[in-house]
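Chains as they are written, first to last, in the working numbering: chain B, 139 to 400; chain D, 6 to 274; chain G, 135 to 484.
Derived by calculation from the structure, the hints in this document are not laboratory data.
Hints should not be assumed to be uniformly reliable.
Stated by the list, open to error - Below 25 Å or equal to it, Euclidean Cα-Cα: the simulated PhoX-like pairs (lysine-lysine) are:
no., chain 1, residue 1, chain 2, residue 2
1, D, 197, D, 111
2, G, 385, B, 208
3, G, 289, B, 245
4, G, 363, B, 207
5, B, 378, G, 385
6, G, 385, B, 245
7, D, 238, D, 110
8, G, 153, B, 207
9, B, 208, G, 153
Said to hold, decoys possible - Distance ranges between label pairs, derived from CB positions:
no., chain 1, residue 1, chain 2, residue 2, range
10, G, 470, D, 221, 44 to 52 Å
11, G, 470, D, 216, 31 to 39 Å
12, B, 240, G, 473, 35 to 43 Å
13, B, 151, G, 384, 49 to 57 Å
14, G, 357, D, 23, 34 to 42 Å
15, D, 262, G, 167, 33 to 41 Å
16, B, 157, G, 384, 25 to 33 Å
17, D, 93, G, 211, 18 to 26 Å
18, G, 382, B, 163, 51 to 59 Å
19, G, 473, D, 233, 36 to 44 Å
20, B, 222, G, 382, 30 to 38 Å
21, G, 282, B, 189, 57 to 65 Å
To be verified - Reference listing, derived: stretches of chain D covered by chain G, where coverage requires no fewer than 3 residues with Cβ under 8 Å from a Cβ of chain G:
no., stretch
22, 90-97
23, 144-151
Ideal Cβ placement from N, Cα and C applies to all residues, glycine included.
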Amino acid sequence: MITFNNLSVGFDNHSVLNAINGSAKQGQLVALLGENGAGKSTLLHTLAGMHSFTGSVLFNAKPLAYQAKKRLATQRAVMMQANHVGFDFTVFELIAMGRYPYVESLKMQSEKVNKYAAIMDLSHYLTRRVSALSGGEQQRVHMARTLAQLNAFTQSAEPKLMLLDEPTSALDMRHQHALLSCVKAFVEQGNSAIIAIHDLNLASLYATDAILLHNKKVLQSGPINTVLTEQNLQQMYAMKLHVNPHPYNDAPMVFSQRQEFL
Amino acid sequence: MKYLFILFALMAQSALAQERVISAGGTLTEIIYALGKQNTLVAVDQSSMYPHQATQLPQVGYYRDLAAEGVLSMRPTTLLALEGAGRSQALKQIEATGVKLIHYKKPTSVNELLELIKRLGTDLNAKQKAQTLITHITKSLPEKAKAQTHSALFLLSANERGLIAAGQETVPNLLFSYAGITNIGATHSGFKAINTEVLAINQPDFLVAPAHVVHSLGGKQAFCEQPTLRLLKAAQTCNLLVMDSLLSLGMSPRIATAINELNEYKAHL
Amino acid sequence: MNTLTLSRFKPVTLSQTHKWMLLASVCIFALALLSIGYGPAGWDWRLAIAWLAPERFNQFDALQINVVMQIRLPRFVLAVLVGLVLAQTGASTQALCRNPLADPSIIGISAGAAMVAVAFIALSAQFNFNAQLYLPYASFLGALGVTSLVYFIAKQQGQINITTLILVGVAINALAFAVIGLLSFFADDSALRLINYWTMGSLGGASWSTIIQALPLLLISLVGLWRLKNPMNLLLIGESQAQYLGVDTNKLKLYVIILVALGVGAVVALTGLIGFVGLVVPHIARLMVGPHLRNMLPLCMLIGVVVLLLSDWLARIVIMPSELPIGIITALLGAPLFMYLIVKNKRGWS
């Protein structure tokens with residue numbers, strides 16, 4: 139789990155996030171919402187340990203800066219939106235790369251790869267070149283790699299963290315749900331995840347909590363039902379939105395209206 | 006007594022016949038032929054282009070970059086190396102196998118050429134022949150001209166990239182000074198590029214170029230018609246003397262011929 | 135390429151890699167016999183073993199045995215080392231730049247070495263000292279100097295930007311060739327010849343002493359890059375991903391650059407410029423077993439040795455007793471082979 143306090147991040151003298159607080163605890167799938175340029179990606183990068191910041195970031199109760207790189211890699215993983223790989227690796231090889239932080243025999247590695255490929259229903263694709271797969275299939279491969287990196291779905295004392303930056307933006311509906319349901323299952327094992335996402339309704343269906351970023355600050359954070367209100371959304375997106383409960387469950391659904399151009 | 010003498014002569018003959026010589030350097034090869042010692046020659050380097058028989062022999066690379074194994078495969082007893090022969094590593098390897106390696110300084114004047122002939126005469130056991138050759142050269146050498154009557158430019162290359170002319174400390178320069186010709190290119194030393202503008206002001210009476218260069222450009226006419234030479238009156242009237250490459254670029258025993266060629270051409274202008 | 139016959143529970147291309155590596159090793163063994171046995175001074179495969187026990191092989195005289203031990207064997211060892219280093223540095227540069235068309239000459243290392251060496255040759259003609267003796271050191275310093283310059287310029291905010299690296303390399307290449315052109319233009323005949331011979335590449339300078347002198351540098355490069363092959367492989371999927379997986383990418387990039395410069399600088403110092411190998415051999419290996427460095431790198435290095443041995447042997451015998459520059463042969467051999475492989479595997483570049 140991860141908590142950040144008084145976190146400020148900037149680039150070359152211009153600040154992107156100003157003294158914000160937040161956390162993703164065990165069992166929480168946190169949706170990171172905000173308009174374009176609100177700082178979602180920056181926040182994810184910072185929490186991943188890739189950007190300098192002032193304030194404190196505690197990962198599993200230890201400051202981020204003091205974590206050993208390889209050990210950190212077994213506990214937190216980052217998945218980006220479009221993972222274009224310019225080289226012709228096979229599905230097996232790509233998933234196996236997720237095992238880099240682990241010292242293990244080739245046989246053990248192979249077992250792990252097979253396990254996570256099976257979880258993501260890729261067992262029949264292992265010898266295929268990733269570049270030959272469709273977008274949705276490729277994201278499945280990257281998810282399998284991420285799971286492999288975190289040693290997910292195994293008995294583990296330490297909670298893991300997944301950071302995802304718009305992982306569903308390029309996918310069709312079926313694959314969007316497939317990916318998010320996988321993350322949900324991962325989180326329910328006692329881990330946490332923070333997902334930057336544009337699709338508010340998808341966020342509503344899968345996330346447990348949400349952080350709303352607006353004007354370099356956190357507008358509101360907490361359980362997603364309480365955070366996704368018309369008032370908050372209007373403030374964030376500067377447009378009139380309606381929030382109604384989903385017909386078959388209690389997730390808040392967001393409806394927008396047709397706009398006039400001028 | 007008579008038989009002893011014949012036996013001795015025969016032995017000397019066979020000992021000499023065992024000599025296997027490789028010559029690395031066109032100048033050396035030419036002198037070897039002039040001394041009549043070509044029967045000991047088993048291979049030459051790529052720059053040995055005169056006389057024609059030399060080009061029929063196996064070649065072991067250019068004298069600055071000899072192939073060590075190539076040289077050794079000819080099983081030489083002696084390697085004659087002109088100054089600048091290499092690579093030094095290859096020469097060391099060759100010498101290490103027991104081949105006699107003799108270095109010769111490159112001659113830069115007529116006297117040094119005669120010295121070289123004398124040395125080769127000694128090293129190849131042809132002192133008599135060497136002396137004859139030296140005398141011949143000295144006699145046939147025209148008197149060094151007292152006055153400079155003409156000016157000329159020796160071009161090593163003339164193409165779109167410019168002109169490369171012979172300056173001081175080159176063989177063409179030496180030939181010119183003997184023949185009483187002012188070398189327009191004498192503002193620099195060695196073979197270097199010269200500015201065509203300068204030549205427009207300081208025009209040479211005629212041009213000289215080595216045969217292989219003229220040949221590669223398609224002949225005398227083609228050479229003269231090159232755009233880079235447009236400003237030169239000598240090119241317009243095609244006052245071009247084409248000289249044998251080795252004769253004009255290296256110090257050879259035929260130096261007298263070279264100088265005479267220049268004198269004749271001068272006279273006919 | 136038949137990968138579908140493999141069982142899903144085994145690492146997929148490992149046995150295929152082993153098959154190719156075995157083939158390459160057999161070729162190397164055959165080429166060893168060929169290149170040590172056949173040459174201008176002796177044309178017999180038994181020469182390749184006769185040097186071990188000369189008394190048992192009466193058909194060969196002392197000169198031939200000597201030629202084998204002092205000329206052919208060092209040349210064989212040098213060809214192996216050069217093949218290994220050029221192939222490995224080529225593959226490493228491609229991983230570093232995340233681009234299959236990169237090779238050390240793109241970053242400007244070879245051109246930098248050549249520029250310093252040529253300047254050295256031109257100066258030696260001017261000031262009359264022996265260029266050949268000190269040339270290797272000049273060239274190596276050139277490689278290192280250029281690498282440091284390029285690294286320094288490409289470093290932004292503590293990180294090495296790959297695009298900048300390549301652009302600076304392009305600039306250095308342009309500068310180096312301009313300088314070389316300038317120097318050649320003003321050089322006199324002897325310097326010009328030396329410059330030409332040097333830029334055409336040759337293993338003719340191989341001797342035990344020169345090899346031993348360069349050996350530490352070559353070994354450091356070989357061992358160092360080999361040990362970095364797993365993290366380097368991660369660079370291929372993107373630098374940030376490599377970082378997330380725990381790789382210190384800045385340090386990695388720095389080490390790779392230094393090790394590549396060491397290897398290339400040492401090779402260029404020993405043999406002059408031999409082009410083509412660093413660019414094409416990794417491609418060939420990739421087309422055979424895929425881009426994963428665990429499979430590709432060992433095969434790539436073996437293929438490099440095959441190419442070098444074959445090219446050097448041909449360079450020595452085609453116009454016996456003279457020699458051709460090896461760069462011409464590597465290009466003549468490599469290009470058609472490369473085209474054949476591309477046609478056979480129309481999967482595209484990567």
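Going through the hints against the structure:
1. D:197 <-> D:111: holds, 20 Å
2. G:385 <-> B:208: Holds - the C-alpha atoms of residue 208 of chain B and residue 385 of chain G are around 14 Å apart, at most 25 Å.
3. G:289 <-> B:245: violated, 40 Å
4. G:363 <-> B:207: Measuring from Cα to Cα gives roughly 18 Å; hence the hint holds.
5. B:378 <-> G:385: The hint is violated at about 50 Å.
6. G:385 <-> B:245: violated, 30 Å
7. D:238 <-> D:110: Violated - the C-alpha atoms of residue 110 of chain D and residue 238 of chain D are around 39 Å apart, more than 25 Å.
8. G:153 <-> B:207: violated, 37 Å
9. B:208 <-> G:153: violated, 34 Å
10. G:470 <-> D:221: 44 to 52 Å: Hint violated: Cβ distance 30 Å, outside 44 to 52 Å.
11. G:470 <-> D:216: 31 to 39 Å: Given about 38 Å between the Cβ atoms, the range holds.
12. B:240 <-> G:473: 35 to 43 Å: holds, 41 Å
13. B:151 <-> G:384: 49 to 57 Å: violated, 23 Å
14. G:357 <-> D:23: 34 to 42 Å: Since residue 357 of chain G and residue 23 of chain D have Cβ atoms about 52 Å apart, the given range 34 to 42 Å is violated.
15. D:262 <-> G:167: 33 to 41 Å: Distance hint for residue 262 of chain D, residue 167 of chain G is violated at roughly 53 Å.
16. B:157 <-> G:384: 25 to 33 Å: holds, 29 Å
17. D:93 <-> G:211: 18 to 26 Å: holds, 20 Å
18. G:382 <-> B:163: 51 to 59 Å: Because 30 Å falls outside the window, the suggested range is violated.
19. G:473 <-> D:233: 36 to 44 Å: 40 Å Cβ-Cβ, so the 36 to 44 Å window holds.
20. B:222 <-> G:382: 30 to 38 Å: Because 24 Å falls outside the window, the suggested range is violated.
21. G:282 <-> B:189: 57 to 65 Å: For residue 189 of chain B against residue 282 of chain G, whose Cβ atoms are near 29 Å apart, the range 57 to 65 Å is violated.
22. 90-97: As far as the stretch 90-97 of chain D goes, the hint holds, because 6 residues have Cβ atoms under 8 Å from chain G.
23. 144-151: Check failed, 0 qualifying residues.
Hint violations for this structure: numbers 3, 5, 6, 7, 8, 9, 10, 13, 14, 15, 18, 20, 21, 23, all remaining hints satisfied.
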